[in-house]
Every structure is written in structure tokens, then in C-alpha cells.
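Undergrad: Quick mapping for you: the protein sequence lines, in order, are chains A and B.
Per my numbering, the first sequence starts with residue 1, numbered consecutively.
Per my numbering, the second sequence starts with residue 388, numbered consecutively.
Just so you know, these hints were derived from the structure itself, not from any lab.
We put the CB at the ideal spot given by N, CA and C, even for glycine.
Keep in mind that a hint or two might mislead.
[Unchecked claim] DSSO-like, lysine-lysine: derived pairs with alpha carbons at most 30 Å apart:
1) A:Lys81 x A:Lys106
2) B:Lys502 x A:Lys81
3) B:Lys711 x A:Lys324
4) B:Lys542 x A:Lys324
5) B:Lys502 x B:Lys542
[Said to hold, decoys possible] Here are some, though not all, of the chain B residues that point toward chain A, as calculated from beta-carbon distances under 10 Å:
6) Lys429
7) Pro433
8) Asn471
9) Ala689
10) Asp690
11) Gln698
12) Leu707
13) Leu718
There are 2 protein chains.
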Amino acid sequence: MTGLTFRVTATDGLARTGRLTTAHGPMDTPAFMPVGTAATVKAMTPDAVAGTGAQCILSNTYHLMLRPGPERIERLGGLHKFMNWPGPILTDSGGYQVWSLADHRKMDEGGVEFKSHLDGSVHHLSPERAIDIQTLLGADITMVLDECTTLAADKDAVADSMQLSMRWAERCKTAFPERGGHGLFGIVQGGLHDDLRAQSAEALIGIGFDGYAIGGLSVGEGQEAMFTVLDGVVARLPEDRPRYLMGVGKPADLVGGVLRGIDMFDCVLPTRSGRTNQAFTRHGQLNMRNARHKDDPAPLDADCGCPACTQYSRAYLHHLVMAKEILGAMLLTWHNLHYYQDLMAAMRHAITVGTLTAFAQAFAAAQHKYTEEETGNGDVDSELNSN
Amino acid sequence: MTGLTFRVTATDGLARTGRLTTAHGPMDTPAFMPVGTAATVKAMTPDAVAGTGAQCILSNTYHLMLRPGPERIERLGGLHKFMNWPGPILTDSGGYQVWSLADHRKMDEGGVEFKSHLDGSVHHLSPERAIDIQTLLGADITMVLDECTTLAADKDAVADSMQLSMRWAERCKTAFPERGGHGLFGIVQGGLHDDLRAQSAEALIGIGFDGYAIGGLSVGEGQEAMFTVLDGVVARLPEDRPRYLMGVGKPADLVGGVLRGIDMFDCVLPTRSGRTNQAFTRHGQLNMRNARHKDDPAPLDADCGCPACTQYSRAYLHHLVMAKEILGAMLLTWHNLHYYQDLMAAMRHAITVGTLTAFAQAFAAAQHKYTEEETGNGDVDSELNSN
Numbered sequence: 001m002t003g004l005t006f007r008v009t010a011t012d013g014l015a016r017t018g019r020l021t022t023a024h025g026p027m028d029t030p031a032f033m034p035v036g037t038a039a040t041v042k043a044m045t046p047d048a049v050a051g052t053g054a055q056c057i058l059s060n061t062y063h064l065m066l067r068p069g070p071e072r073i074e075r076l077g078g079l080h081k082f083m084n085w086p087g088p089i090l091t092d093s094g095g096y097q098v099w100s101l102a103d104h105r106k107m108d109e110g111g112v113e114f115k116s117h118l119d120g121s122v123h124h125l126s127p128e129r130a131i132d133i134q135t136l137l138g139a140d141i142t143m144v145l146d147e148c149t150t151l152a153a154d155k156d157a158v159a160d161s162m163q164l165s166m167r168w169a170e171r172c173k174t175a176f177p178e179r180g181g182h183g184l185f186g187i188v189q190g191g192l193h194d195d196l197r198a199q200s201a202e203a204l205i206g207i208g209f210d211g212y213a214i215g216g217l218s219v220g221e222g223q224e225a226m227f228t229v230l231d232g233v234v235a236r237l238p239e240d241r242p243r244y245l246m247g248v249g250k251p252a253d254l255v256g257g258v259l260r261g262i263d264m265f266d267c268v269l270p271t272r273s274g275r276t277n278q279a280f281t282r283h284g285q286l287n288m289r290n291a292r293h294k295d296d297p298a299p300l301d302a303d304c305g306c307p308a309c310t311q312y313s314r315a316y317l318h319h320l321v322m323a324k325e326i327l328g329a330m331l332l333t334w335h336n337l338h339y340y341q342d343l344m345a346a347m348r349h350a351i352t353v354g355t356l357t358a359f360a361q362a363f364a365a366a367q368h369k370y371t372e373e374e375t376g377n378g379d380v381d382s383e384l385n386s387n
Numbered sequence: 388m389t390g391l392t393f394r395v396t397a398t399d400g401l402a403r404t405g406r407l408t409t410a411h412g413p414m415d416t417p418a419f420m421p422v423g424t425a426a427t428v429k430a431m432t433p434d435a436v437a438g439t440g441a442q443c444i445l446s447n448t449y450h451l452m453l454r455p456g457p458e459r460i461e462r463l464g465g466l467h468k469f470m471n472w473p474g475p476i477l478t479d480s481g482g483y484q485v486w487s488l489a490d491h492r493k494m495d496e497g498g499v500e501f502k503s504h505l506d507g508s509v510h511h512l513s514p515e516r517a518i519d520i521q522t523l524l525g526a527d528i529t530m531v532l533d534e535c536t537t538l539a540a541d542k543d544a545v546a547d548s549m550q551l552s553m554r555w556a557e558r559c560k561t562a563f564p565e566r567g568g569h570g571l572f573g574i575v576q577g578g579l580h581d582d583l584r585a586q587s588a589e590a591l592i593g594i595g596f597d598g599y600a601i602g603g604l605s606v607g608e609g610q611e612a613m614f615t616v617l618d619g620v621v622a623r624l625p626e627d628r629p630r631y632l633m634g635v636g637k638p639a640d641l642v643g644g645v646l647r648g649i650d651m652f653d654c655v656l657p658t659r660s661g662r663t664n665q666a667f668t669r670h671g672q673l674n675m676r677n678a679r680h681k682d683d684p685a686p687l688d689a690d691c692g693c694p695a696c697t698q699y700s701r702a703y704l705h706h707l708v709m710a711k712e713i714l715g716a717m718l719l720t721w722h723n724l725h726y727y728q729d730l731m732a733a734m735r736h737a738i739t740v741g742t743l744t745a746f747a748q749a750f751a752a753a754q755h756k757y758t759e760e761e762t763g764n765g766d767v768d769s770e771l772n773s774n
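The following block holds chain A by itself, in its conformation from the complex (with noise of 0.2 Å):
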């Protein structure tokens, strides 16, 4: 267990400062981590993100062993190279994909088979081939194989569900090859039942890793019950190592997550709406292709330091969003990256000087203004496609 370093650095209720310290540098904890899917965080230079502050990204192993391939990746000097991202990055296991994106999956307790949703090519993933996935990428973070329920499942499936991941939890820890610098994550599951989370978390515990994270959240159980089972949850994980809430998620779940004593987060969300005109602001969420927005010379955010915001207007980012240009995606990506990352660290120095619950409660009122417009487009302009 000496993969990764963690320090607790400052405590506010429930909610802590930290610093991970892997292979390719720290993270300062609470933490946003940006996706970058298929070896690329869309629409970024690897200098941009590192320029909105993100010091860890996460990519995926269920895209990249289909394309390019570990293998491949490995002999081109692994992922940091081949993207040219000389931080550090986490890794998932490729198990979230396999269920929301492959086709035909079969599976067993060896593992699960399912053909690829580029070429319909059959791949075998199992909890070892997940850590040589990982390893042949060089992850910092290596995320532990697990079998993702639905909602719907009723308590004995999702019971069974979880010791299944749990068995394939232990067997990730065993092929793991430990190292300095590199860690593995277990992942504690359960769905919203918290005898179940908490066997879960007792298991964990029990096989021992370098961080814990909370799976199947964010899957349409709602805010409230989400914060429910986190209630539940951290307070079985030890304090000295990094909690991590999987694909997490809007401002407002990254506040309620932190003030419950989570770490590290990871969510397309900011990427995905910059992709589709939304903008995240400390005043909420706007829609740039609102036509209210044609003729505002203000930017995007009046206390955002990001170049969207910095050297453009709302008019022009409305423009760009209406011609369908790549710098529309570009800078409204920047811009949610750069805030997500503000966010984070307007966190971290609440949490330092003991002021998270008001920094929460200022959040939340100020997040209000733009609602009308959360809704959808709204008296959005006609235009149609440009060429």
C-alpha cells in the first residue's frame, strides 16, 4: 500500500484538503478531473486544460482497448506520451462502458464478453485483463473491474451484483503490480441500499487499496438520494486515503460531494456541454444559443480569468454557436473547464480557512439567475446549419 501518497492537509466538517502524490505529479484535493475519453480531453490542447487548472485527467480503457489499443499505446511510450499529458491521469476499468455502450455482452464470473460498438468486434474483459489494460497505459490511478446494476434491479440482484464486484475486486489487487507512484482504487457498490454499501465498503477495507471510490451514482436516483448514500458511505472509509465519487457531476452535486467529505471527482459534463452550447457560470447555467444573447458585448462570466471570457462577448460566442464553428466548442469547453476548475479551488480555500458551509450556502443562491434559461432553448434564433 505505499503506491500513492496522500496527505490530509485541512479538515471543515466533513470536508478535507488534500494532496495525492503519484508518478507524474500531485493532485490537490477535493479534485475535478476532466475526461478525455478516447486519449483527448474534446476540443482541448493538453496545455489549455492544464491551463484551467486540472492536474489529473481520466481516459477510458473501454474506448482506448478498442482503439488504438493498449498494446499499441505501449509501444508508442504509453498514454501520457502519446497524448502528451505529462500529469497524472486515472484510468477507469472499462466496466461503466461495456454495460452503456457495447453490444451483445455475455458474462460470467471469469468475466464479460461483448462486441465493440466501432466494428462490432468481439473483446473479453475480466478483472485481470482491466489491470493489464491499465498497466500497458501506464495509469497513475487504476480503477478496479466492477459490474454496473440499473436502478431498477431489486435488492437481491443488486446484492449479488455487488459481491460479484467485490470477488473481482480482490482479484484486480492480486494481478495489480505494485509500484511507486501507482495506485489502485477499489470501488464500493450497493446501489441506493446502505447495508448493502456498507458490506461493501467492509470488504474494501478488508482486501485494502490505495483509494476508494463510490460507483452507480449518478444514474438517475436524484441529488438527494445520492447524497444519501455518501452520507452513508464515507463514514465507512478510513480517513487517510482519497474518496472518489465516479462520474460526478453538475456544480451543485461537486458542493454537495465535497461538503460530505469527497475528494475527487470525474464527469463529461463540463466537456460535453461546451459540445452542445451550454456554459456553466457562478450565477448558473446558460444557454448560448438563446438569442437574448445576439447583441450582449458582456462576457460569459464577469469573474471568470478564462480566454472565452476574457476576450470575447456573448455575442460573439452566440455567433459562433448559431455558424456551428469549432470555436464555439473550443471556448465554451475552455470556459466550463476553467470554472469546474475555479470552483474546485474556491473549495479547497474554503475548506482551508473554515468557511465551506457559507462558500455552500453563497453557491446556491447565486446559482439561480439564469434558470429560465436551464430549461431549453428557449426564443432561440431559426438559423439553420451553416456550411
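Fit chain B to the supplied structure of chain A, relying on the hints for placement.
TA: Below, chain B without anything else, positioned relative to chain A:
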């Protein structure tokens, strides 16, 4: 005729170096101007465009008059501020796009009425309105409105069209608001007919412009025919004014144009190619979808200093284009524009030291290394679209 200052600084045969000074800074010639059709050089930030060495960009009156509208851009502070490009901007007159993109054109002596390709709305463009729009945009270099004929037109039709364009050129000159650092260029027309081109040049010189463009080329006539026209036209243009070959071209066209005394070029080729997986290099053109790049750790062009070449392998660029990642378009566009600027800088240097002929020979000899890849996708990966 005090709008733009142009000074020839060195000559080598017909080729020359010079400096054109505008209200927004200088442009060293021979120059290639990247195209920023809709107030953005596609897939590039303005900082990145400037970083390639580009000093002046082109933007399109037709696209901007339809969306977001020149009056709106003027209210927002002009095109330079709108798109955050502090350097010189040349705008075309909109004529070429009216003929190539718009529907239901109706033309008479006064101008042309057409329907927007975006939403079918009816617009009118006259010589006076073309000048008005470019003035609202704040163009440093304004182009006269001309009519475009097809290669297939018979000589009488080409002559009629050229004469109409000359009458429009005179109206543009009358309508153009003279001011320091801003200039108006005439456009020589006349198809492939040397006598008509001569009449056109003579008419424009009689009116008097800050610079002289050569229009109606690179429309399928072939490089040899184009060079023949240049040979005839350039000899008739004043030596103390910049000569601009519109919409050209491939790297070899630029070299041939410079050898014949052309000072300015623009073309969508490097940017469009960057979005269609093509890379221009010192050794010819590469199709980055070709499977031969899959395992290649080498850079795109070992002699190029752009981010795509210094930070990534061909294998990674191949991966990005196969996965249809936006970063692929960003990096290939960046490289192509960088390469075009490097080529122009190398020619400016060669002119200064009197070695342009030798440079052109070495250029032609080096271009054939990759010709087998120019013709198509070759052994392209069969992988499908990514999510």
C-alpha cells in the same frame, strides 16, 4: 491613394518582398492570408493563428452579412474586436459567394439579389452596399464587388461580365470612404483571355486602387493556364502596388505565383484540409487516415516547429482523425497554417538573398516523396465513427 503604404524591399527576378502597412499593423509580403470565413479561422484561436506567423486574415462579407450582420458587428465594436483579431483584416466583397453559395440570383446593372443559403431570406448586394458592409466591419483592405463568370462562358460573355465588373469597380471607388491605413483593391477579370485581362487591368489602373487583385482563377483551369494568365497580367500592373492572387492555392501554386511577382494569397485549402485529415509537409501531402500511420512514432514533419509536429506522433494524429476527435482538426489545421507561413517566410528569405529560383527547384523536387498518398485514402482503417 494614401490609404495603404506599400514598399518593395527586395527583388529577385519578377518576385519581390515588401511591406504593406495598415491601420492594424503591417503585412510582410509575399504573404499568405488564412481564411476566417465566419469571423473565425476554423478550429483555431486567434492567438494560435498569429503564432503560425500569419499577420493578416481574410473574412467573408457574404457570410457575415447574413449572420450575424454587419450592423450588429459594427455596434459590437467592429470585426477586429468581435473576433479578437488585432491584426490586419482583408474582407472580400461577397461577390464570389453570391455566385457559388446563394440561391435564386437575379442580377442587373445595379447589383445582385439573392436568397440566403442559411434561411432563404432575400438580400441585395450592390457595389455601394459591398463597400458599406466592409466599412461597417472595419476591414483594413476592402475588395470591390465583381461578377464571377464560369470557365465555360464564351468570350463575349466573359467580356460583358468583365466590363460590368469594371463599372462596378468605379462605383466602389466612388463609394469607398478614404481614410488612413485602410485601402481598396480592384480585381482584374477577363477569364483566360489575355486581351480582356489587359483591358481590365488598364481600366482599374485608370480608376486607381491601393492594390490590384487577380480574380477568377483557380476555378478549374489548371495550374499552367493560371500561370499563363499571371504572366500576362502581372506585367501590366504597377510595380509600386501589391498584387493579390485571390483564392489560391496549393503550396506549388504559391511558389509559382511568387516567382511571377504575386505579393498576396488567400485560400481555404490549409484550413479545410486540416478538417479533412490532410496534412501539407515539406515532402508532400499526407492523408492521416492512411493506416500506415497507425504505429508511426515519427512527427508529421520533422522540420516543422508547430505544436502538432513537436508534441505528437503520426500515430496519435491518425488515432484522432480515426476517432473523429475535434483535436485532430485543431492540430492538422494548426500544422497546415504553420507550414504555409513557413513556406512564405522561406520564400521571402530566398528573395532577399536572391535564391528564389533554386528554392523553387528544391521545393518541387522535395514535394514528390508522398505522392502515392495524395490520390486517396489508400489502406484506410475500416473503423466506424466514434461516439
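Undergrad: What are the numbers of the hints the structure violates, in ascending order?
TA: 1, 2, 4, 9 and 10
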